[in-house]
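Given the sequences, and given the hints that come with them, work out the whole structure.
Taking the working numbering, the leading residue of the sequence shown gets 1, the next gets one more, and so forth.
Keep in mind that the hints were calculated from the coordinates and are not lab data. Just so you know, not all the hints are guaranteed correct.
List time: in silico DSS-like cross-link candidates among lysine-lysine, alpha-carbon distance up to 25 angstroms [as the list claims (entries may be wrong)]:
1. LYS8 <-> LYS119
2. LYS125 <-> LYS41
3. LYS119 <-> LYS41
4. LYS45 <-> LYS21
5. LYS108 <-> LYS45
6. LYS125 <-> LYS108
7. LYS59 <-> LYS48
8. LYS108 <-> LYS119
9. LYS59 <-> LYS119
10. LYS43 <-> LYS21
11. LYS5 <-> LYS125
Remember, it's a predicted structure, so these values are computed and weren't measured experimentally.
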Amino acid sequence: ADIYKLMKVDLANYFPNWEGKVVMVDQDCLVLRRTSQATDKLKTKGAKTAVTSDRFGIKLINAPLRAITDQLGFLQQKIGPVVNESNFAGGVDMQLTADMTNIESVNKALADYDLVLLKTRQPVKTLFITDREPNSSNH
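Here it is as structure tokens:
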């Protein structure tokens with residue numbers, strides 16, 4: 001399901017005086033990209049999916065690479081959203097030990113897997129919430 005559609009429905013149900021719309025906004029962000037096409041550094045050996053993370057690292061077992069972007073909240077707060085442009089499908093096994101609040105530290109750990117986080121500015125889907133027009137419907 002599209003998370004933005006779900007948020008808009010919840011917004012209409014719980015806050016009928018507000019409305020939301022999704023727009024593309026140029027903003028600072030981090031982009032996860034591959035530095036080579038070597039799949040052997042990423043491909044899982046297979047096991048039950050597990051993701052663990054804290055401020056000092058991330059461990060993925062048979063998890064999608066998207067899980068890294070989902071777990072980088074510390075950097076998202078400082079820089080902006082993290083966008084996965086690795087174009088790698090399938091599960092990965094990965095152990096990153098790094099200061100997850102520091103992009104240089106994270107990139108040093110990602111280099112072992114031929115990945116890099118790059119600071120960039122690009123259009124990103126953004127949910128805007130505004131006051132509802134007096135005569136507009138709730139949905």
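Hint check:
no., hint, in the structure
1, LYS8 <-> LYS119, "violated, 29 angstroms"
2, LYS125 <-> LYS41, "violated, 30 angstroms"
3, LYS119 <-> LYS41, "holds, 23 angstroms"
4, LYS45 <-> LYS21, "violated, 41 angstroms"
5, LYS108 <-> LYS45, "holds, 23 angstroms"
6, LYS125 <-> LYS108, "violated, 28 angstroms"
7, LYS59 <-> LYS48, "holds, 13 angstroms"
8, LYS108 <-> LYS119, "holds, 15 angstroms"
9, LYS59 <-> LYS119, "holds, 23 angstroms"
10, LYS43 <-> LYS21, "violated, 37 angstroms"
11, LYS5 <-> LYS125, "holds, 12 angstroms"
Checked against the numbered hints listed earlier, the structure breaks hints 1, 2, 4, 6, 10; every other hint is satisfied.
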